[in-house]
Each structure stands twice: as C-alpha cells, then as structure tokens.
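2 protein chains.
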Amino acid sequence: MTSSEDFVVTDRGGIVENRHRIHAAVVDTKGRLLYALGNPERMTLARSAAKPAQALAILETEGFAGYGFDDADIALMCASHSSEERHIARTRAMLSKIKAEEADLRCGGHPSLSETVNRAWIRQDFAPTAVCSNCSGKHVGMLAGARAIGAGVEDYHLPNHPMQERVKRTVAELCDLDVRDVEWGIDGCNLPTPAFPLDRLARIYAKLASAADRDKAREDLPARDAALARIFRAMARYPEMVAGEGRYCTVLMRAFDGALIGKLGADASYAIGVRASDETRRLGADGTLGISVKIEDGNLEILYAVVTELLDRLGIGSTEIRSRLAPFHRPQRVNTMGVTTGGVSFPFKLRGSKADGDDPRLAAPTR
Amino acid sequence: MTSSEDFVVTDRGGIVENRHRIHAAVVDTKGRLLYALGNPERMTLARSAAKPAQALAILETEGFAGYGFDDADIALMCASHSSEERHIARTRAMLSKIKAEEADLRCGGHPSLSETVNRAWIRQDFAPTAVCSNCSGKHVGMLAGARAIGAGVEDYHLPNHPMQERVKRTVAELCDLDVRDVEWGIDGCNLPTPAFPLDRLARIYAKLASAADRDKAREDLPARDAALARIFRAMARYPEMVAGEGRYCTVLMRAFDGALIGKLGADASYAIGVRASDETRRLGADGTLGISVKIEDGNLEILYAVVTELLDRLGIGSTEIRSRLAPFHRPQRVNTMGVTTGGVSFPFKLRGSKADGDDPRLAAPTR
Chain A
1 MTSSEDFVVT
11 DRGGIVENRH
21 RIHAAVVDTK
31 GRLLYALGNP
41 ERMTLARSAA
51 KPAQALAILE
61 TEGFAGYGFD
71 DADIALMCAS
81 HSSEERHIAR
91 TRAMLSKIKA
101 EEADLRCGGH
111 PSLSETVNRA
121 WIRQDFAPTA
131 VCSNCSGKHV
141 GMLAGARAIG
151 AGVEDYHLPN
161 HPMQERVKRT
171 VAELCDLDVR
181 DVEWGIDGCN
191 LPTPAFPLDR
201 LARIYAKLAS
211 AADRDKARED
221 LPARDAALAR
231 IFRAMARYPE
241 MVAGEGRYCT
251 VLMRAFDGAL
261 IGKLGADASY
271 AIGVRASDET
281 RRLGADGTLG
291 ISVKIEDGNL
301 EILYAVVTEL
311 LDRLGIGSTE
321 IRSRLAPFHR
331 PQRVNTMGVT
341 TGGVSFPFKL
351 RGSKADGDDP
361 RLAAPTR
Chain B
1 MTSSEDFVVT
11 DRGGIVENRH
21 RIHAAVVDTK
31 GRLLYALGNP
41 ERMTLARSAA
51 KPAQALAILE
61 TEGFAGYGFD
71 DADIALMCAS
81 HSSEERHIAR
91 TRAMLSKIKA
101 EEADLRCGGH
111 PSLSETVNRA
121 WIRQDFAPTA
131 VCSNCSGKHV
141 GMLAGARAIG
151 AGVEDYHLPN
161 HPMQERVKRT
171 VAELCDLDVR
181 DVEWGIDGCN
191 LPTPAFPLDR
201 LARIYAKLAS
211 AADRDKARED
221 LPARDAALAR
231 IFRAMARYPE
241 MVAGEGRYCT
251 VLMRAFDGAL
261 IGKLGADASY
271 AIGVRASDET
281 RRLGADGTLG
291 ISVKIEDGNL
301 EILYAVVTEL
311 LDRLGIGSTE
321 IRSRLAPFHR
331 PQRVNTMGVT
341 TGGVSFPFKL
351 RGSKADGDDP
361 RLAAPTR
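The listed protein sequences derive, respectively, from chains A and B. Sequential numbering from 1 applies to the first sequence in my numbering. Sequential numbering from 1 applies to the second sequence in my numbering.
If you're looking for bench data, these hints aren't it; they were derived computationally from the structure. Positions of the beta carbon are idealized from the N, C-alpha and C atoms, including for glycine. You can trust all of the hints, since none of them are fake.
Every beta carbon over 10 Å from chain A, so not counted as near; a handful from chain B, in silico: (1) Glu62; (2) Ile88; (3) Lys97; (4) Asp215; (5) Ala223; (6) Val251; (7) Ala255; (8) Asp278; (9) Arg281; (10) Gly315; (11) Arg330; (12) Gln332; (13) Leu362.
Label-pair distances were calculated between CB atoms; the ranges are: (14) Pro159(B) to Asp176(A): 48 to 58 Å; (15) Phe126(A) to Arg218(B): 52 to 62 Å; (16) Met337(A) to Asp176(B): 25 to 35 Å; (17) Ala326(A) to Ala103(B): 26 to 36 Å.
Which stretches of chain B does chain A cover? Using the computed rule of at least three CB atoms under 8 Å from a CB of chain A, they are: (18) 12–19; (19) 107–120; (20) 188–199; (21) 292–299; (22) 338–344.
One chain only, chain A, in its complex shape (with noise of 0.2 Å):
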C-alpha cells in the first residue's frame, strides 16, 4: 500500500509549475489503516504535531495538578502559536504559577509566524525573547514536569533528563512502538522532537479523539485516557491558543466545534483526530478516525491545501463546515496586477483498504 505517485500540482496557464509529493495515513481508534496516500509508513519528523503526545507526558507527572494550570493553559502546551499579546500573557502566567521566569526557559526568540505579528514588532523595534517562542507552553509544561518529578532544572531540555526520557516512552507507548524504535532529533525550539512511522501520527490522534468520545460518555476512565480526553478538550476549546488568528489549526477546529482537533508540525507534517460519528464510521473506521500527512519536501501552503482536500474526500464536516477552509484548500495564484496565473490540483486517488474504487469521492476529481 505504497505508491511513489501521489502529487499536488500548480500550475500556469495550465503548464505544470511545481508537483509535491504527498504521504498520507488514516487510521481508526484501533490504529487499522484504512486510507493511505505516497508512503504511509514514511518515517517522519512529526515536530510540533507530537506536542499533545509530549503534553501527556507532562500531565501524568506526580504533583502536576498542583501547578493549578487550567485547559488553556494545556492548549497552549501543545501550540506552535503566534506570539500574540494572548500567548506571551498566557506563558507569562504560567511561568508564574510554577513560580519561574523566563530565564529559566531554554527556548530562544524568533520571528513571529504570523505576519501582522511580525510587522508590528519591526515597526516597534522589537527583539522576540523566549516567551515569544512558538514552542513557549510546551517549555513552560517541561519545566514544571521536570519540577514536578523533582529532577533538575536547568537541563530540562536535555535528551538524557529524566522528563525527555519519561516523554521518550510515552511517545513511543501513544505509537505502540518499543521506545527503541522511535528515533529522536533536536526541534528548532530545542527540545527533543520525534520520528516514527507516519501512520503511528495518525494513530496517536485518533487515541486522542477515542479519549474525548468516552470521557464525553461520561465512562469512568483510566487516568491516562482521563488525560488524553483533557487534552483533546483543551485544544478543541480554545483553537485560539494552539496557532492564532487566521491560522489554520485554529480556523479549522473553530469551524468543526469540537468534532475533531488538528495540529501542525514544521516541515509539513499535520495530524488530525476525529471524533467517532456517521461519517467516521461509514469509512470503515472502528470509533474514531486519525488522520497524519507529511510533505516530502516541507511546504506548508501545500500541507494545509491537502489535509482540506483529504477532509473534503472523506466527507468530513457538512460542506457548510469545509467551506470556511477554502482560502487554504485552492489558495490563490494572483498576481501582482490582480491577475489568476494559475490553480493547485489534486490528481491523486486515496488508496483504500476495503473502499478502493468504490467510492467516487475517494478518487481525483475530472479534470
């Protein structure tokens, strides 16, 4: 169930400008691959779309509830955010409830990921410090994790301390790996980041989502998916402290309200969890559906083009829903007189364990 065939294409004037090669895996609660696209099994850099598996990693240390963080606290933990006024005053506040500063922090400053953020700070002549960083709650979650299990501090960020070897198994436990078989680089931010096989992403979220149905039938759940289903909350609740305005992880889990969350992870990678429904369960999912999607080469106009695609194939949403995504899904080749030059299509055909060929939405549309 591999293919070395699955491309977006731009183009111009109907010539092929540039083709992107695509890797897809959706999974349901009982992590069966249902759909793929390129190489489901690519071993991928998940980046910041693992931060809800590090953040359990963070909630289920000893004395964590202590810290009083509440759930938008937990959203931001998982956030690759803007660096808006909200998320610098949200890890400010949470610096304070773990009673530590920003020095204590071992992320560093960096360019705004969003534009008018940007902007602003060249016209005050701003220097982004370390709350400013993308990654700033995950950091915050760290610090407090490593406090909470009383190992030291100032290394936190370390492969080789006791919380980044806690988090290392229960990455590897969310992925159903042994803890050898997930490989380990440095993030921009500094911390350690992961690699596993794509569809483990998709696998992760879907666990995520399986949490969020059954702590919302109210079943009396065990602490680790108590967790899981807390996290799941939190970044559905607030869509706003996970990216920022306009961005897409937040337009996309303010337009489904709750139904599924979505996380971005540098480098193009993108993992979804959808909530168990009709729609999960007529694609043949047994409860909840993940979904993950790496671009080979890293863009992430592209990225955001195909997971609104692959939630369009797969009929997630009402089209009502899916619509508030078309600035992402065909996004505009205008230029700079106003002129369209050209388009992005989808020539692809999801590859299906049961429905292949059988499912019209599932193929290219005509050209």
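Starting from the known structure of chain A, fit chain B onto it as the hints suggest.
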C-alpha cells in the same frame, strides 16, 4: 538519460526530514547534453531565468539604440532586483530616457525580495508601487521596445501585442525550437513567461557565453551575437543590478568576475552561462557551458545549494572563488538557541554522456 531518483536531502540529527527532486542539464555551445540530473528535458517555466532572452528581443527592436540605455540599464532589464534605492532610481531614470512615466508600467508593487529592504519599508509604512517591482527593468524595456516598433504602449504586456509576438519568436529561436513548441503562461509581474524543455534554458546561456567569448576575441559579430554579448557583459559587469546585496546571483557573478553569468527564476529555476576555458573543455564541452536547474517543488534555498554543488562537482572556478558561495551551499540548520540540528546533503550522481563513472568529482560525496 532520465532518472526519478535525484534528490537533495535535509536531515535532523541524521533522520531524513525533507527531500527535494532536482532536474538539471549541462550543455555546450552546440547544445549537446553533457551531464544531467532528473529529467533534463522537463518542460519548465523558466520565469525570470528567461529575462536575458526577453531582453534580446528588446535590444533587437529598430531604434532601440536611440534611447541611450547603458549596460547597467540592460542588466536591470535582466534583473529580479531587490527594490533597493539604486534599483528604483535606475528604473525612474530609464523611464525618463523613453519619456514615459510610472503609470505606463503594467506591473504592480510587491514585498521586496530582500528582507532588509522589507523591514525598512514596514518601518516607513511604505507601500511599494510599479517602479519597485523586481521586474521593473524588464517592463521599461518592453515599453521601450513597443515604442521602438511603433506599436501601442498601453497593452505592451498582453500575449498578442506585437512586442510580445517578437519575444515569442526570439525565445523560440534561442531555444532552437519552433515557435509553437514554446508554451506561455502569465508571470507574477503580468508579462508572458515561457516554458520549454530545461536543457533549452542551458542552451540559451551557452549561447550568451559564446557570444561574449567571440566579442572578447574581437570577432566581427552578426547583430544578434553582438546583442547577446552585450547582455552577457551587462550582467557580468553589474551583478548588483541583477539581484541585490547578499542575493545569490549578485554574489555568484561578483565571485566569478566575468567568467560566467547566472540568473534565478521564480519557483526555483536557475541558469548559468560559462565562458570557454580549460575547465569547460576538460568537461567535454565544445566551447562554452550552459547549466540549467529546476527544483521540482520550487524551493529556492535548495536551488541555491544545488547550483553551488553542481559548480563544485563540475570544477568551475577555483576553490577560493567557490568558497564565497559557502553560505548558500550548505545553509545552516541552526535552531533558536544556536544549536545545529541537521544539514543538507547531495546524494546524487551527475549522469554524463561521456565521463559517467570516470570522474569521482561527479559522484555523490561519501557520507
């Protein structure tokens, strides 16, 4: 001589992050394909890498000489400039030479290709207009050409305008193609932009370098070759006009000091024309070399890395000269805390028509 396995790889801690497919062609004065990567005949939108060919059509209009354009003006006609003060001032001066005004230009403003210029614009709340377009020189040239041939100037940018019809013929001739075998889209600046097999782009630049060689040898050149030689000389002598401070084309041409010209095209195409030397002859070239590159996904950072790697592999210029391109060759993968997180590697092998397998420099370095 086609391969689907030619990639540049970026990694994070040794784990593959992204892969970028490469196409390249290396030809000689006679248009013979000497070396290739990917599909050297990939139908490619050359974008601004075609500007010297478009400029030739302008230089060949009757009465062009009467406008008094100098070589720096011609360099700007071939430019994708950074909208620095000197570029905008020269655009205005060129408009004066043809007694035209900014309002006569059919391009629009856009953010500068230079981050430094952009930041200054944001601080000053400056809204860029037509003279700031990175293609402003080409537009003034087209306007001059339209006037020189006595055609309307209001619609000089439209595909069926007599000036653009001339451009179509000229581009096809330089490609050694029938005019019907070149396809055209609309560029970001609103002028038509050609697509043709990638090796034909290399051929255009080999011709530019060949004309420069013969001009230098004080041969009595036909008008077309004299114009091609003038374009080569203009670009080589005024590299700061072709791009801008710190940009690849400018750094490259400064480093090689007249031995070659190089030009970027948007969405990651590149072309180089190398004057004949022992270096080009050692590679099996009859005279000059033309090199063309296209990154399948349009990534510019990867494009510059690949072009520099190719110059290394082919042994064009001294090690000292090529060392000035080092920041482009292996772009630093350093995170917000100054930690190196990974690198860029070039695990491909140039396929040669002759020397394939013979020359160790053409193979991928051991990793």
